[in-house]
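Student: Protein chains in written order, with my numbering: chain A, 1 to 358; chain B, 1 to 358.
Hints are supplied without guarantee of correctness; some may be wrong.
Identical copies look the same in the list; a pair holds intra-copy or inter-copy alike.
Here are the simulated BS3-like cross-link-like pairs (lysine-lysine), alpha carbons at most 30 Å apart as the crow flies [said to hold, decoys possible]: (1) LYS329 x LYS178; (2) LYS301 x LYS329; (3) LYS189 x LYS301; (4) LYS189 x LYS178.
Derived by calculation from the structure, the hints in this document are not laboratory data.
Residues per chain, in single letters:
There are 2 protein chains.
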Amino acid sequence: MPSLDLSQDVVTLTRALCDLESVSGHEGPIADAVEEALRRLPHLRVDRDGDAVVARTELGRGERVVLAGHLDTVPLAATPNLPTWVEGGLVYGRGTCDMKGGVAVQLALAAAVEAPVRDVTYVFYDGEEIESEHNGLGRIARTHPEWLDAQFAVLLEPTDGLVEGGCNGTMRVDVTTKGVAAHSARAWKGHNAIHDAGEVLTRLAAYEPRQVEVDGLVYRESLNAVRIAGGVAGNVIPDACRVEVNYRFAPSTSAADAEAHLRDLLQGFEVAVTDRADGARPGLDRPAAAAFVAAMGGVVKPKYGWTDVARFSALGVPAVNYGPGDPMKAHADDEFVPAHQVVEAEAALRRWLSAPPA
Amino acid sequence: MPSLDLSQDVVTLTRALCDLESVSGHEGPIADAVEEALRRLPHLRVDRDGDAVVARTELGRGERVVLAGHLDTVPLAATPNLPTWVEGGLVYGRGTCDMKGGVAVQLALAAAVEAPVRDVTYVFYDGEEIESEHNGLGRIARTHPEWLDAQFAVLLEPTDGLVEGGCNGTMRVDVTTKGVAAHSARAWKGHNAIHDAGEVLTRLAAYEPRQVEVDGLVYRESLNAVRIAGGVAGNVIPDACRVEVNYRFAPSTSAADAEAHLRDLLQGFEVAVTDRADGARPGLDRPAAAAFVAAMGGVVKPKYGWTDVARFSALGVPAVNYGPGDPMKAHADDEFVPAHQVVEAEAALRRWLSAPPA
Chain A
1 MPSLDLSQDV VTLTRALCDL ESVSGHEGPI ADAVEEALRR LPHLRVDRDG
51 DAVVARTELG RGERVVLAGH LDTVPLAATP NLPTWVEGGL VYGRGTCDMK
101 GGVAVQLALA AAVEAPVRDV TYVFYDGEEI ESEHNGLGRI ARTHPEWLDA
151 QFAVLLEPTD GLVEGGCNGT MRVDVTTKGV AAHSARAWKG HNAIHDAGEV
201 LTRLAAYEPR QVEVDGLVYR ESLNAVRIAG GVAGNVIPDA CRVEVNYRFA
251 PSTSAADAEA HLRDLLQGFE VAVTDRADGA RPGLDRPAAA AFVAAMGGVV
301 KPKYGWTDVA RFSALGVPAV NYGPGDPMKA HADDEFVPAH QVVEAEAALR
351 RWLSAPPA
Chain B
1 MPSLDLSQDV VTLTRALCDL ESVSGHEGPI ADAVEEALRR LPHLRVDRDG
51 DAVVARTELG RGERVVLAGH LDTVPLAATP NLPTWVEGGL VYGRGTCDMK
101 GGVAVQLALA AAVEAPVRDV TYVFYDGEEI ESEHNGLGRI ARTHPEWLDA
151 QFAVLLEPTD GLVEGGCNGT MRVDVTTKGV AAHSARAWKG HNAIHDAGEV
201 LTRLAAYEPR QVEVDGLVYR ESLNAVRIAG GVAGNVIPDA CRVEVNYRFA
251 PSTSAADAEA HLRDLLQGFE VAVTDRADGA RPGLDRPAAA AFVAAMGGVV
301 KPKYGWTDVA RFSALGVPAV NYGPGDPMKA HADDEFVPAH QVVEAEAALR
351 RWLSAPPA
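Please work from the sequences and hints to get the whole structure.
Tutor: Structure follows, in C-alpha cells:
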C-alpha cells in the first residue's frame, strides 16, 4: 500500500494524491492510503464506510465544523494527464483542481492542527463525479448521519480561493406537447406538436429570472430549455415534442415551491419532474460561519451551481464552498491548480481553526 | 424461371405477381418473368435496363402515352404477409396495394390491347421504395430518356381508383440557431440557442399555407417543422438548435422560387437546403389527358404528395396518378387491394386506349 507523508509541504502532498490515480469506482487504494495516514495520528478518531474515510477531533469544544472533499476524479484526458507535472507555478494533471488540492489541504490540517479551537470532522468520500446514487457523502448521510453532525461545513471544491456560500437548488422537468401524426404532404390531417412547443420556448425566452437575497447573499436564478427533441421522419407531421427545462432557484425557495412556480409558468402544458434538489442556505449567521468568513477576508459570493453543500444543508448543517483551483479547469484536459492557492488555502483554514471562536 | 400467364384474370395475375416476392434490391426474378411474358407478345418491342423493363407498341399513332409502375415492394410484415390470400373481396399481402395491382393492370392491357388508338409505352421499374438514387425510372430518364418520350403518362400508384393530377413539389431545409454554451447554473454567461428557435416555430405556426390553382386543380400547400433537436446535456446552455422544415409547394412554383419564399419567411435565420424537388403539373390541357379524364368519369383531384410523376414532368411529360388500392394501405401490415378496384382500373384504361382520340 502506498504511504502518504502528511508532514510534507501541501503542494508535494497534492501531487502525491493525484499520482494515486482514483477515477470514480476505483477509490479503494487512495481511501486505504488516507485511512492509514490518518490512523497514525493519535489525536483523531477514524471511521470508514466503503471508500469513505471520516476522521474527527474529540476535544469537547462548543462547536464542531466539517471540512469535506471527494477522493475521486473524472477519467484521465485522452493524452493521459498523469503523473502530475509543474510548470510556472501551476501543478498540472487530472485531479489537481478537482479536487486533490483541497484534499491535500484537509490532510495537512488534520495532521498539523492537533488542538483546533473548534472540533473538526474531516470527511473524505468517494463517487462524487458519477450518478448521485453512488455519492459517498450521500451514503454516509443515510447510514451514519451522526458522523456529519456539526454547526458548519466547508466543502473544499475549487472556487478559485473565494468563499461561495450555499448553493441554488435545481430542478429538471420535461415539457411535452402532443400532436397527431400525418403525412407531411397532407399536414392538415394531423396536428404539429413541434409547432406547439414554440409557445413553451417563447415563455422561457421571455421569463426574467429572479435575484433573491438569502442570508445576505444575492442568488441569481436561471430558467432554460437545455434540450429539445421532436419528430420521427422528414415526411411525417410530428406527434410529440419534448423540451427539457432546467430551473436553478434560490436556496430560500423549496423544491416544492419551485415546482409550483414552474407549473404556473408552463400552464396548459404537460410538465413532468425528472429531477429536483433543494439548494443550500449559506448560514452566514452562525458563529462558526462568521468566524470563517472573517478569517477568509470577509468576501463571500453566492454559489450558483448545485454542489454537495446541499447534502449538508439537508442535514441542517449550513455550508460554504471554498477551495483552491479555478472551477473552469475542473474536468479540463489541461486541468491544473496554482500552487500558491493550495498553500494559501491551507494557511487561511489553519488561521480559522486556530483562532478563538468569535 | 416462373412464367406469367397474362391472359388470366387481372386479380389472379395480381396475386401471381405478389407471390413473386420482390423487395427492393431483389427485383431480378420478377423483372425476368415480366420481360419473358412481354417478349412472347409480337405486337410489342421490349427493352431492358437493369431490372427495369420497357415495352411499347409502334403503330405510328399521332400520340403516345405511358403507363408506368414499379416492381419492388417494401419488406414483408413482421408476421410475413405473403403468399397472398383473399377475404371478403379483398386481396391481402405485401405489394397488393403498392403496387402489384397496378402492375397487373399494365400487363393485362399490354397483352390484350394489341392495337390501341394511342401508341402505348409500358414501363416496369425497380428501386422505387428506397433512396432516390436507386429509382429505376430516374435511371432510365438519365440513360434512355427517349424510352419515356410521350404526350402524357399515367403512374399506376394506388389512388383508390381516383385520378390525381400532377403533384406538389417538396423541399427540406435545416434552420439552425447558434448560441454560446455555458453551465446552466450560470446561464447569463451563455446564450440559449433553443430559446432562439422559438421564433422559428412561431413563424411556422402562424404561416397560412397557400392554395394554388394549376391547370384547373387546386393544390394545397403545407409548411411544417418535421424534426427539432438541440442541447447536449441537462446542465449546459445549448449552443445550437436545428429545426428541419418540410415545405410542400404547388407545381406552378419552381423549387428555386419555393426556396426564395422560404428564405424570406425565415429571414434572420441560417437556412440550408438539404433536399428539393420540383412538383409536376397535371397537364390536363393535353388531348391525351383530356381523353383520359373523360374515360375516367371526369373527376380529377390534385396530388399532394411527391411521386414519380414529377420524373415525367421533368422530361416535359405531364402525368397523373391513377391506380387501384387505398394509399393508406400502402406499406401497412394489413396491406390489401379491393379486387373490384383492380378489375375496374383495367376496364377503364382499356376503354381509354380503345376509344378514338378526342
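Student: Tell me, please, which holds for LYS329 and LYS178 at an alpha-carbon limit of 30 Å: within, between, both or neither?
Tutor: between (41 Å within a copy, 24 Å between copies)
Student: Indicate which option fits the pair LYS301, LYS329 if close means a Cα-Cα distance not exceeding 30 Å: within, between, both or neither.
Tutor: Within. Shortest intra-copy distance 19 Å satisfies the 30 Å Cα cut-off; inter-copy 65 Å does not.
Student: Which holds for LYS189 with LYS178 at a C-alpha limit of 30 Å: within a copy, between copies, both or neither?
Tutor: within (15 Å within a copy, 33 Å between copies)
Student: Pop the pair LYS189 and LYS301 into one bin, within, between, both or neither, using alpha-carbon distances up to 30 Å.
Tutor: between (55 Å within a copy, 17 Å between copies)
Going down the numbered hints, you'll see the structure goes against none, and every one checks out.
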